[in-house]
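Student: Read off the chains here:
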Amino acid sequence: MNNPTEKKISITADYRTGGREMLNHSVMLDITKCRGCTNCIKHCPTEAIRVREGHAQIENARCIDCGECIRVCQYKAKKAIYDRFEDFESFRYKIALPAPALYGQFEEVGELDVILSALVECGFDEVFEVSRAAEIVSEYTRKYLEKAGSGRPVISSACPVIIRLIGIRYPLLLDRLLPVLAPIEVAARIARNEALAKHPELTDEDIAVLFLSPCPAKVSYVKNPLGTKKSAVNGALSIGDFYFKLLSKMKHITEPRVQARSGIIGISWAGTGGEASALFNDKYLAADGIENVIKVLDEIDNGNIRSLDFVELNACNGGCVGGVLNIENPYIAKARLQTLRRYLPVSLNRLEDGKLDGYEWDISPDFEYAAKLSEDRHEAMRKMKRIVEITNELPGIDCGSCGAPTCRALAEDIVNGKAKKEDCVLVIKELLAAFYHSRKAEDEKTGSEKTGSEKNENEAFMRAAAGNPSEAPDAHEPEAADAHDSEEAGPEAKAPDAGAQNAG
Amino acid sequence: MADFVRLEYKIDGENFTSAGEASVMVKRNLRQMGFDPEVIRKVSVAMYEGEINMVIHAKGGVATVDVYDDRIVIVLADEGPGIPDIELAMQAGYSTAPDNIRSLGFGAGMGLPNMKKYTDEMKIESVVGVGTTITMVVYV
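Respectively, the protein sequence lines represent chains A and B.
Using our numbering, you'd call the opening residue of the first sequence number 1 and step up by one each time.
Using our numbering, you'd call the opening residue of the second sequence number 505 and step up by one each time.
The shape of chain A in the complex, shown without the other chains (with noise of 0.2 Å):
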């Protein structure tokens, strides 16, 4: 992963996370493989890229690291950057904590105990299932519902994505989200203390607990967490990154040396829906992809969906079998846990004498409007006021050829002087073919008595326009402008409509 054609782009961050911290992408750019097309910024559901001198460049302010762009880049120039598993040799005792999705990985694998067992025979001193963290924060979320007050619907807060994306999209909801540590971070807390009780001879630095990640999103979780100051979670391994190592063992496992300790309600947290069936209320909702998630969001945010309890927001397809650092199908995955989970007892992990408290966030995600214009008033009205005009002045087909993905998108940069109104190709079409109209005429009025310095300087115009700007303009002087332009690319030109060709 540290190849050094690799390059993080915009490394001025102004990012704010529930830490105030600086927030390290996990989202990266391959500047060699960038072909600078426009398909990533359409797609990015926060307007974070803009192709800017040939290639993409990621706004961290803006990123939320959800993989849209690494999913739909032709190119393979968008990556995930994530941690290794030998980045953390040093480390006396390492935890590993497989994210259900993992389990749908697999072809023919009869019982979760194989995967465990295979994560020990692959280094890890101990495993601690995020299922079973899931089905405590399942039991969470059914006693907060039941508490009186909380404004309906409550928003699932277990992607980070979603939480970063309500952070910059929809500041107003961001009290909806259920005020819950992530399944991840339960995890994680409850396997490092089981193993100091387990071995009193080591130390809390001692011990490094690495997820196993289906999304980039979690790998910046755990360098940027959520909701916590610091993660106890060490690190986040890719799942296709360490499927191979972990398929070899597999095959050699007949006798399990870990027992799975999660029952459906856990698994099922790796599809959507999983998560808000486990609540056992049937005023729910569950969405997933970030297109229909933000469609769900408009209508929450315009307050249509008040008789909901819960609404479950994922923003891959599938839910975290849709993840992008996985290797199946997220529909043959969940497919996959279904079979697995089909023997196993409803839920087996509860809360520690159904007390609420330790799991709750310790801090409130805080986050920067990103697309907040300036932090005066009038000075936003009046960048407002600029940027309803030229959306108005452009042409409104959201094509995307000038690097920023909407018309209104590309307005906001040249208000916010990152852009410029030549930018657009139907702008500088429509100059062009202005200018060359008017010069037409003048040739017509003048003809052949026109000479000196105007024309010389409409003809370089014509020539920069058409990216030869550094030739000298020709003395020579046709009839009529089409013939004018085969003669203009100078004594040089061999093809009587090399010249015509530039223009065009």
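Treat the hints loosely; a few may be bogus.
[Claimed, not checked] Here are some chain B residues the structure puts well away from chain A; computed CB gaps all over 10 Å:
| hint | residue |
| --- | --- |
| 1 | Asp507 |
| 2 | Gly517 |
| 3 | Ile544 |
| 4 | Tyr552 |
| 5 | Asp573 |
| 6 | Arg575 |
| 7 | Glu591 |
| 8 | Ser599 |
| 9 | Thr600 |
| 10 | Ser630 |
| 11 | Tyr643 |
[Stated by the list, open to error] Calculated cross-link-like contacts (lysine to aspartate or glutamate; reagent style DMTMM-like; alpha-carbon spacing at most 25 Å):
| hint | chain 1 | residue 1 | chain 2 | residue 2 |
| --- | --- | --- | --- | --- |
| 12 | A | Lys385 | B | Asp516 |
| 13 | A | Lys383 | B | Asp573 |
| 14 | A | Lys245 | A | Glu126 |
| 15 | B | Lys514 | A | Glu389 |
| 16 | A | Lys223 | A | Glu146 |
| 17 | A | Lys385 | B | Asp589 |
| 18 | B | Lys546 | A | Asp125 |
| 19 | A | Lys383 | A | Glu368 |
| 20 | B | Lys546 | A | Asp366 |
| 21 | A | Lys385 | B | Asp507 |
| 22 | A | Lys295 | B | Glu542 |
| 23 | B | Lys514 | A | Glu393 |
| 24 | A | Lys42 | A | Glu442 |
Keep in mind the hints are simulated off the structure, nothing from the lab.
On a predicted model such as this, the values are computed, not experimentally measured, just so you know.
Quick reminder that beta carbons are idealized off the backbone N, C-alpha and C, glycines included.
Here the structure of chain A is known, so what remains is to put chain B in place on it, guided by the hints.
Tutor: Then chain B, alone, in the frame of chain A:
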């Protein structure tokens, strides 16, 4: 500051599925200008209700939102059937929405009352057979 920002939206009366979109745009713009969340909430609810009304009753219209630094003025103008009895229409629960709209959860008779509730000033001008113009003001 005498200057203001004008946001204009054509409300498409033919397409019920797009009802509410102008409200979303207004909300986004106000947010970018850094208005208080409560102000944004009030404007967007009032705007949303009015937008839905225009789609249900008037086959669309034009929404104009003028943003001043101390107030936001929303003008919703349509060329619909007009409101014969404004006092009656303002009563909570009174609705003339058709059944197919009610089945979508609209038409509870709370549109106009909500618009009044969420704004600081509201004025309804309506002529039967000509159209309705509603002006609402939310102070910042």
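Student: Determine which of the earlier numbered hints do not hold for this structure and return their numbers in increasing order.
Tutor: 1, 3, 4, 5, 16, 17, 18 and 24
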